[in-house]
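Visitor: From first to last, the protein sequence lines are chains G and A.
Quick note on numbering that gives the first Met the number 0: the first sequence kicks off at 0 and runs consecutively.
Quick note on numbering that gives the first Met the number 0: the second sequence kicks off at 0 and runs consecutively.
Please keep in mind that the hints were generated in silico from the structure rather than gathered at the bench.
Be aware that one or more of the hints could be misleading.
Think about it this way: if two alpha-carbon atoms lie no more than 16 Å apart in a straight line, the pair counts; the simulated EDC-like pairs of lysine to aspartate or glutamate are [to be verified]:
no., chain 1, residue 1, chain 2, residue 2
1, G, 13, A, 607
2, A, 74, A, 664
3, A, 575, A, 664
4, G, 16, A, 563
5, G, 18, A, 65
6, A, 525, A, 563
7, G, 43, A, 715
8, A, 565, A, 583
Between beta-carbon pairs, the in silico distance windows are [to be verified]:
no., chain 1, residue 1, chain 2, residue 2, range
9, G, 14, A, 10, 32 to 42 Å
10, G, 14, A, 542, 27 to 37 Å
11, G, 11, A, 126, 24 to 34 Å
12, A, 654, G, 23, 21 to 31 Å
13, G, 14, A, 31, 40 to 50 Å
Chain A residues, not near chain G, derived (Cβ > 12 Å throughout) [as the list claims (entries may be wrong)]:
no., residue
14, 10
15, 112
16, 188
17, 366
18, 572
19, 575
20, 590
21, 665
22, 682
23, 744
We put the beta carbon where it would ideally sit given N, CA and C, even for glycine.
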Amino acid sequence: MAKDLVCNMEVDEKTAKYKTIYQGKYYYFCAPGCKKSFETNPQKYISGNLSSQSCTCGHDQC
Amino acid sequence: MSPENKKITLNIGGMSCINCSLTIEKALSKLNGVIHATVNFAAEKAIIEYNSDIVDQKAIENTITEAGYRVIHEKIMLQIGGMSCVNCAQTIEKALNSKEGVYYATVNFATEKVSVEYNAEQVSLAGIKKIIQDLGYQVIEPEKTVEDAEGKERQRHVQRLKILLAASVALTIPIILLMLFPVLPMQQNNILLFILATPVQFIVGWTFYVGAYKGLRNKTANMDTLIAMGTSTAWLYSTAVTFAPSIFPGADVFFDTATMIMSFILLGKLLDAIAKGRTSEAIRKIMGLQAKTARVIRRGEEQEIPIEDVLVGDIVVVRPGEKIPVDGIVTEGYSAIDEKVITGESIPVEKKSGDIVVGATMNKTGVLKFKATKVGKDTVLAQIISMVEDALSSKAPIQRLADIASGYFVPTIIITATLSAFAWYFIFGETFIFALTVFIAVLIVACPCALGLATPTAIMVGVGKGAENGILIKNGETLEAAYKLQTIVFDKTGTLTKGEPEVTDVIPTETFKEDQLLLLAAIAEKNSEHPLGEAIVKKAKEKGLRNDEPDVFNALPGYGVEVEHKEVRILLGNRKLMEANSLDIGAFDVKMRGLEEEGKTAMLLAVDNQLAGLIAVADTLKEHSAEAVRTLQQMGLEVVMITGDNQRTANAIARQVSVNCVLSEVLPSEKATEIKRLQSEGKVVAMVGDGINDAPALAQANIGIAVGSGTDVAIETGDIVLIKNDLRDVVVAIQLSRATMKKIRQNLFWAFFYNIVLVPLAAGAFYPILHVLFDPVYAAAAMASSSVTVVTNASFLRRFKPKI
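Isolated chain G, as found in the complex:
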């Protein structure tokens, strides 16, 4: 299981619908909003600057 670095949700890589690559590595997300946030500022999420709020992306998979 992988972790959505934007909202901290657990995401299954095999079935994840939203993903991107950064610096050669795959990252997985639970919703388009999280993917977009990550792509806009990848370093922010990789360096461990995790948001403490729950996922408010408005989808039904969490």
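With the hints as your guide, set chain A onto chain G.
Guide: Chain A in isolation, oriented as in the chain G frame:
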């Protein structure tokens, strides 16, 4: 709330979900000095409470923009009446800029317009108007449509000046004759002169008194003050001599001086006004492009109505040979439209149901019915006009120096005049008349107006000339930046190239067939907005392949795309994408390199982790790209190409356009950063791209040049907007900007020169050598000619011819 605490409300743009508002709140809360920040996503507003001792509004707004959102500023332009000189303009500017909530206010004395950028939450339009009106000026209501209100006002002004001048001259001539050939004995002659001169002084000269009074009310002195003081002194002295001859026995009267001064100054103002009218012609030409009436279908009937009455949603009918009145979408009909006005293309474009039409373009062959989507101020034409108008009312930074100088100028002159007069009378022992002459001459010869007119006149001609040729320059800062320009960065796709790539090679591996490979790629790129993807979809369509939409689609910026379709995973992208999936491409690496060296972009396709083949796409260069680049290099500029393409392809294309410096494999989000990096090397950088995709980079550059459209997005983002798709216009734009800047410098030189030479002359500094005093009448002539020189010099800019 303690006194240093402030609370402001800002309108925020760019938020797409609740997350965004929370992001902004967090960023603001972290800012030192912010006590409390609340962002309302639904209302798109932010309310911030902060300690104004620690942080200011600018820092707060910067925090929001750095987080990736926009603070929405309102912008408005108003026409102002009652300004008599440059100092009035400055007074209004100062008052507006000191109002909280106003970011930026510029008054252009030449066009009589003020441009204000403000926060609608802190100050209202009514509040701004009140500030202007409280100072004693009028706000002329902006016209509903792009009608030529300005032209009419200007004509009225010219008429008024002509009448005043005629009256002044009509009385001045007899005065001169009487002074030269007195028909009566001196005393009576003087009285006759008094009768002729007084109306000139007070009726014709009333405008100067009014102007001086207004200045006094706002605690500034202006040119009218000088003229009023100078002519009044002459008149008072002459009146005293006439009616109390015992005080000044045998003295001459100065009645001719006062009236001649007035006449000359009026002549100068008249020539000014006429010249200004001519330079606005560029705008008038563009405005004339708009249709005056439109044919709409209402309640089932066709009626012809004035264009201002067209509403959004109206069905408009246009016959062959008629102008499209407003922007809209075609509902019925089929025709070809000449869009030269907006695109510069002389080949008519075919329009059918569902296509967009733009107001001011010409319908050629068929009848069209369309639904109006944008009318009045929202049409593309109106936005172009608005942009040109804004440019005309902007200031080059160098002008601010002149503004500061002219603020001190008039008081200095008054002091100089007084001191000189005193010196000659008390120290050098000259006669009272001598001292008086010096006093009047200095007051009259000084011309702060030329200083104030130097920049606006040149900008008007330069920007106007640009607009006539499809080059829209946004503001004065751009002109100065063009002068100092060192580096110019071109985006590749869509700017240097046509942006219409085509598939050139489809090379499958042994286990796949050509059409199979192409179809897989087309499915992957079915909804792609990328030109490369579109090329693939187009090719598949040409071959009649059935292109489905993928079940799952993921764009991987900088790598390619990954899609899932019918349980199959398709990867389409560059080498890095294959690497990230641990795929070895083997012999295809060599094949790729070969194609890339031809300037093509090669994409690899893999199906369920098996390499399927490669597809090459090529985009042709625009016709004049190479020529434009070479000319820019000859002008001494460093030309750089920036692209997301891989290095090999990028270098191959660069070679074709003679570009030496290439920034390749740059992600779209990194383009602005690259510009910043160049700027950090101390360079002044221009960026050339299309207004939509390159917006952040265009904004970061010192000069952002948006090419190839008169669309509202381009107008929003570019400092210079090129309507035609021809890169030679980039060269012309830079040459024109530089020529305009040179003109501004010339004008400022003349304005300063006149004053620096003539004021000492009038003060009698050369008297010991020349033994002749500077007659105040000559002073008036010289002063009028200084502003005429500046305006005329500016109009020479109309002769500008591009060198390409």
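Visitor: If a hint holds in the structure, say so; if it doesn't, say that too.
Guide: Against the structure, the hints come out as follows:
no.	hint	verdict
1	13(G) to 607(A)	13 Å, holds
2	74(A) to 664(A)	38 Å, violated
3	575(A) to 664(A)	11 Å, holds
4	16(G) to 563(A)	9 Å, holds
5	18(G) to 65(A)	25 Å, violated
6	525(A) to 563(A)	12 Å, holds
7	43(G) to 715(A)	30 Å, violated
8	565(A) to 583(A)	25 Å, violated
9	14(G) to 10(A): 32 to 42 Å	41 Å, holds
10	14(G) to 542(A): 27 to 37 Å	34 Å, holds
11	11(G) to 126(A): 24 to 34 Å	57 Å, violated
12	654(A) to 23(G): 21 to 31 Å	29 Å, holds
13	14(G) to 31(A): 40 to 50 Å	44 Å, holds
14	10	22 Å, holds
15	112	39 Å, holds
16	188	86 Å, holds
17	366	44 Å, holds
18	572	9 Å, violated
19	575	7 Å, violated
20	590	23 Å, holds
21	665	15 Å, holds
22	682	26 Å, holds
23	744	43 Å, holds
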